[in-house]
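> We have chain A; now place chain B onto it with these hints.
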Amino acid sequence: MKAITTILAVAALASVPLWLRDPYLLNALITTGIFIIGAMSLNLLLGFTGQLSLGHIAFFGIGAYVSALTSLGFDVGLPGGFRLVHTPWPPIIGFVLAILIAGLCGYFVGLLSFRVRGAYFVIVTISFAEVVRLVALNWVELTQGPLALTNIPPIALPLPVFGELTLRTKFHNYYLVLVVALIAYLLIARLVHSHFGRSMRGLMENETLAVSVGIDVTRTLTIAAVISAAIAGAAGSLYAHYIRIIDPEVFAFINTVTMVIMVITGGKGSLAGPVVGGLIFGLLPVALRPVMAPEAQWIAYGGVLIVILFVLPRGIVPSLALRLAGRRRRSPAPATLTETAAKEPA
Amino acid sequence: MTARNIAMSIDQVAVRFGGLVAISDMSFTVGEGEIVSLIGPNGAGKTTAFNVMTGFLTPSAGRVTYRDTALAGLKPHEIADLGLIRTFQRTSVFPNDTVYDNLLIGLHRQGRVRLLDAILGLPGARASERKLRQRASELLEWVGLERRAHDAAGSLSYGEQRLVGVALALAAEPSMLLLDEPVSGMNASETHRFVELIRSIRDRGITILLVEHDMPMVMTVSDRIVVLNYGRIIAEGIPDVIRNDPAVIEAYLGHGAGHA
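Going down the list, the protein sequences come from chains A and B. Residue numbering for the first sequence is 4 to 349, as defined by our numbering. Residue numbering for the second sequence is 1105 to 1364, as defined by our numbering.
Just chain A, same shape as in the assembly:
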């Protein structure tokens, strides 16, 4: 049943560029898709370990800059009169490096903050994002600062038969984003349903007990942070090569908030939640733009957010799943569905 739903959803998403001819809408779908990947990575931390990363866009932005700089090349002075010169590499290598370096940043942020957790993690991640933004803004020699990195080449795939396929069009990029999103989704699904996923759930539900059966808190959370950051880095790389221009504004706090909204409304701790929440809040501004004044758009956006959280406080996917299932209990799902409920005052 669930598998059929997933296959139908994927098939529907895959068919979109075949009938949707409007480039503006296709563009909106691509950027939304990129942000959904970011939201899925945030959900891995927020929904499955209970740790809120309020600087999640940092990993996304780092991925974008790493990927852009790898494919553009740079020539920067280092202390002591040395110069670091990098000649451009293919964007696909940038994509891989973006994943690795964002993951490494996730490791250090996790290591720093998970010894104490909770509020510390929130603050460390906010500060981290702000520091990275300031670096991107002020290290002009490397990043061009506010002048932005421009002319970022599109991703080219080395294919066995056709030679190299440069993903220049929206049509191509749509499928690229869809494929990466699918891989990220499957990766997170596997992870969550594995033995490691159960450790994360145990920690979130009852940390003392989890520790007493031998679960290493710091290690578990750090691994989750690394994977989450790496996926966010992949999303950032896609963003850089699709938009083909990035500036330090990519690190803006509002971008993290957008991902948090996507996760919370869709349903944190549910795999499909960020996808549903992401589609709604990624496309809502597009839908509102032609019918409302700019100020009214944001009011409507906030209104929709409040209504969703008011009517479906656990998020759209978990609430609907619970209603459809008629309170039938299943093994893998209920852990996080009831997590928010447990925290509500009795």
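Some hints could be false.
[To be verified] To give a feel for the contact side, a few chain B residues facing chain A, derived at Cβ under 7 Å:
1. Asp1185
2. Phe1198
3. Asn1200
4. Leu1208
5. Gly1210
6. His1212
7. Gly1215
8. Leu1219
9. Ala1276
Hints listed in this document are in silico derivations from the structure and should not be mistaken for laboratory results. Quantities reported herein were computed from a predicted structural model and do not represent experimental measurements. C-beta atoms are modelled at their ideal positions from N, C-alpha and C, and glycine is treated no differently.
Chain B only, in chain A's frame:
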């Protein structure tokens, strides 16, 4: 009492919270395969002693040794890796998960596979997963909770939650089990069955240290009893000796418990 190898020794342990002395000077040993009970009035320092033995609390003085390993400085999960597993008085389950999933979480120490193998679904990881599920079912049967396997652990009665807590601890493959008031919230017949369970656990070679208020239960099941009062050991010995010890009767049992 026959001579046994010492599993755990507690040497001159003291715990102070600021000016409050929770444990002043505690020394005793637990032999391999023995069932030892730690009893005493509320606030005597029993749970504090448990927390010291499992690394949740660092003692102000003294040392705890388990099978020749000093526990000082080890984190709780590292102590769990030594085979020293505890249960908790209150928070004994993962409430939102099913009983079955609780056990799968508890099987953490048995299920360590490489993360990449698990993500890729390699045969090794899948075989390990099958083994875990098999083991979880066995444990459920052992503690007698098969029929509750797919209910959320938080929805069970207190007595059943205690059983889940014990099963969780057993899932971690302990060589020594520390049970913190396991029969509180159980009725007489549940307690009776629990005593059988404790014996069957011991019969598999697992050493047991028990903190409990239910005196008839303690007297039936224990090989030896250590009595704490105001953070000090006031008596130690086999149940018959403890039952008739004037200091224990004065401090804890009261007159009349001698007939228990």
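> For every hint, state whether the structure bears it out.
Verification of the hints:
no., hint, verdict
1, Asp1185, "holds (6 Å)"
2, Phe1198, "holds (4 Å)"
3, Asn1200, "holds (5 Å)"
4, Leu1208, "holds (6 Å)"
5, Gly1210, "holds (5 Å)"
6, His1212, "holds (5 Å)"
7, Gly1215, "holds (4 Å)"
8, Leu1219, "holds (6 Å)"
9, Ala1276, "holds (4 Å)"
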